[in-house]
Amino acid sequence: MQSYGQIENAGMVFSTKKGKFTALTDINLNIDEGEFIALIGHSGCGKSTLLNLVAGLLDATEGVLLLANKEIKGPGPERSVVVQNHSLLPWLTTFENVHLAVEKVFGGSESKAQLKARTAAALELVGLTHAATKLPGEISGGMKQRVGIARALAMEPKVLLMDEPFGALDALTRAHLQDELMKIVAATKSTVIMVTHDVDEAVLLSDRIVMMTNGPAATIGEILSVDLPRPRDRLALAHDPHYHALRSQVLEFLYSRQMRPKEAA
Amino acid sequence: MSAVNATPENLNGILSGEDIAPPPPMPTATLPARRVPYFETESGKHLVENTLTLFRNTIPPLLGMLLFVGVRGLISHSIKNIPGPVETWTSAVALFSDPFYDNGPNDQGIGWNILNSLYRVGMGFGAAAAVGIPLGFMVGRFDFLNRMLSPIISILRPVSPLAWLPIGLLVLQKAEPASIWVIFISSIWPMVLNTAAGVQRIPQDYMNVARVLNLSELKVFTRILFPAVLPYVLTGVRLSIGVAWLVIVAAEMLTGGVGIGFWVWDEWNNLNVAHIIIAIFIVGIVGLLLEQGLMLLAKRFSYE
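Chains A and B, in that order, give the protein sequences.
Under my numbering, the first sequence has 51 at position 51, and the numbering climbs by one with no breaks.
Under my numbering, the second sequence has 523 at position 258, and the numbering climbs by one with no breaks.
Just so you know, not all the hints are guaranteed correct.
[To be verified] With a straight-line Cα cutoff of 30 Å, these simulated DSSO-like cross-link-like pairs (lysine-lysine) come out: (1) A:K104 with A:K134; (2) B:K484 with A:K104; (3) B:K484 with A:K134; (4) A:K158 with B:K484; (5) B:K564 with B:K484; (6) A:K189 with A:K158; (7) A:K73 with A:K104; (8) B:K484 with A:K73; (9) A:K18 with A:K116; (10) A:K116 with A:K104; (11) A:K112 with B:K484; (12) A:K70 with A:K134; (13) A:K70 with B:K564; (14) A:K158 with A:K104; (15) A:K104 with A:K20; (16) A:K134 with A:K116; (17) A:K104 with A:K189; (18) A:K20 with A:K70; (19) A:K134 with B:K564; (20) A:K158 with A:K73; (21) A:K20 with A:K73; (22) A:K183 with A:K134; (23) A:K112 with A:K134; (24) B:K310 with A:K116.
[Said to hold, decoys possible] Okay, the calculated beta carbon distance ranges per label pair: (25) B:P399 with A:E252: 57 to 63 Å; (26) B:I420 with A:S109: 51 to 57 Å; (27) B:F409 with A:D26: 35 to 41 Å; (28) B:L511 with A:S15: 45 to 51 Å; (29) A:K17 with B:G391: 53 to 59 Å; (30) A:G44 with B:I420: 52 to 58 Å.
[Unchecked claim] Stretch by stretch, here's where chain B covers chain A in the computed footprint (C-beta under 8 Å, at least three residues): (31) 71 to 77; (32) 113 to 124; (33) 243 to 256.
Think of the hints as simulated: they come from the structure by calculation, not from any bench.
Every value quoted in this text rests on a predicted model; they were computed, and no experiment measured them.
By construction, the Cβ of each residue, glycine as well, lies at the ideal position given by its N, Cα and C atoms.
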């Protein structure tokens, strides 16, 4: 049986002024429906590039990427993206930012009242009903990030792509949003691919952790299955020896085997 | 003792303030109740504070104006043909007491002259905005167009506005449209260039939003391009209106008709120097008002 999402022999070569730069090579990955995958690796290992390939913001120079048996060609609302700096439009209120996405995806088939209800529901999901009329400049970084997530989720994407979504937030806000994200994903059964550099975040949230080797010409080094039962509770996991074993495996990969880029390449 | 001499031994003392001499003991006998002076009460302090701010904001500009008038007085004192401030003021009062008289095409009130100049600026500038802003959007959005037009713009932009006047007169045959043409051609460039720069500087994140959502060109324009570029457009508009108002005086001197520029030239022929000085002030104040008005508009539309 074929997987929901397939990445086959994908590679990415950028043409720069100094010649060709191979960012990714030989990427093979199957993604199951409803799976939560974390991409982890040192900075510059091409994990964001891989995410952008799935998003369609970049075109792979080698290999193919398939989603539900269709080749990924260009970006589209069925693969919504949440990025670190939220990318909300500063001249639209939070409601309008989400509504813009909702209108595009469902505008053809639903009434105006339904579109508004969808937007309101998405904001409620991230607990921001009270901030619907605020502009992005008037709310905190954590709230902006939640609006970004609400916008992405409101499109009911097949795959939710997140590029270090909580990277710019303080530790407490980050933990809070991770918990919320786990609840939302459990409720919506979304397929998620998340780029992160935070080992705890990767182990806490994901079903599988894809560990990337160092660039240039980065590829998948190892894949770790995180078989911790759900729902997961960060406090209980803090005392769980299996959680710590998994965490150590990721740390060992990152800091012992991939420490020195030149030897690894 | 100062913190500079801090050593681990005396650091605690410094931090807890132990080595600071204790305040002298308060006299124990109760003083007779004293009326608090007004300037030590809350409202009194407020008044002092506000008065000081007022002085800080008004005294320097007032001094500047005084200096200006003084220097001007000195110049008119040493050069005999330039009238002094008092003489200028009286003739300004006479001039503005009847701004809208009309004694035929060559003798009209100062109000008519200003309005006529503003009308020309409005026409030329309006046409420049109508052409320049959309052109700027296209130049910014399509690299091909940018490469195609930038050499032409680079050559035409530094041309002195009045060099366009003969072409205008030749093609349009009349003075009035020719001066509007000069305004048009000289005020279009800041709007084209600023709008194009604004479009090129839109953060990639915003364009990625458009791509992920697959927004239509129209939606991209109304929801992303236009609001993101508007502050740049308004900068261009502000620079353009400045140029337009600069150019109109020179253009009207050459083309004649009713207008502040021609009025200056006419008063020069009459050797009415007081009126020329008044005209300089009028041009300056109207230019200032135009720009301040647009600044207000720009503030209204900035979202950050």
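inquiry  = Tell me if the straight-line CA distance from K134 of chain A to K564 of chain B falls inside 30 Å.
reply    = holds (19 Å)
query = Going straight from one Cα to the other, do K484 of chain B and K73 of chain A come out at no more than 30 Å?
reply = holds (22 Å)
ask   = Is 51 to 57 Å right for how far apart the beta carbons of I420 of chain B and S109 of chain A are?
value = holds (53 Å)
ask   = Holds or violated: the region 71 to 77 of chain A covered by chain B, criterion of 3 or more residues with Cβ-Cβ distance under 8 Å?
value = Satisfied; 4 residues make the cut.
key: Pair hint K73 of chain A and K104 of chain A, alpha-carbon separation not exceeding 30 Å   = With Cα atoms ~19 Å apart, K73 of chain A and K104 of chain A stay inside 30 Å; holds.
key: K116 of chain A paired with K104 of chain A [C-alpha distance capped at 30 Å]   = Given that 30 Å is the threshold and the Cα spacing comes to 12 Å, the pair holds.
inquiry  = Check the hint pairing K158 of chain A with K73 of chain A against an upper bound of 30 Å on the C-alpha distance.
reply    = With Cα atoms ~15 Å apart, K158 of chain A and K73 of chain A stay inside 30 Å; holds.
Hint consistency between K134 of chain A and K116 of chain A [alpha-carbon to alpha-carbon, up to 30 Å] = Distance of about 16 Å is within 30 Å: holds.
query = Given a hinted range of 35 to 41 Å, is it respected by the beta-carbon distance of F409 of chain B and D26 of chain A?
reply = holds (37 Å)
ask   = Does K112 of chain A pair with K134 of chain A here, judged by a C-alpha cut-off of 30 Å?
value = holds (21 Å)
ask   = Is the hinted range of 57 to 63 Å satisfied by the C-beta distance from P399 of chain B to E252 of chain A?
value = holds (59 Å)
inquiry  = Just to be careful, I want the Cα atoms of K20 of chain A and K70 of chain A compared with a cutoff of 30 Å; is the pair within it?
reply    = Roughly 29 Å separates the two Cα atoms, so the pair holds.
Violation of the numbered hints given earlier is confined to hints 9, 12, 13, 15, 24, 29, 30, 32 and 33; the remaining hints are satisfied by the structure.
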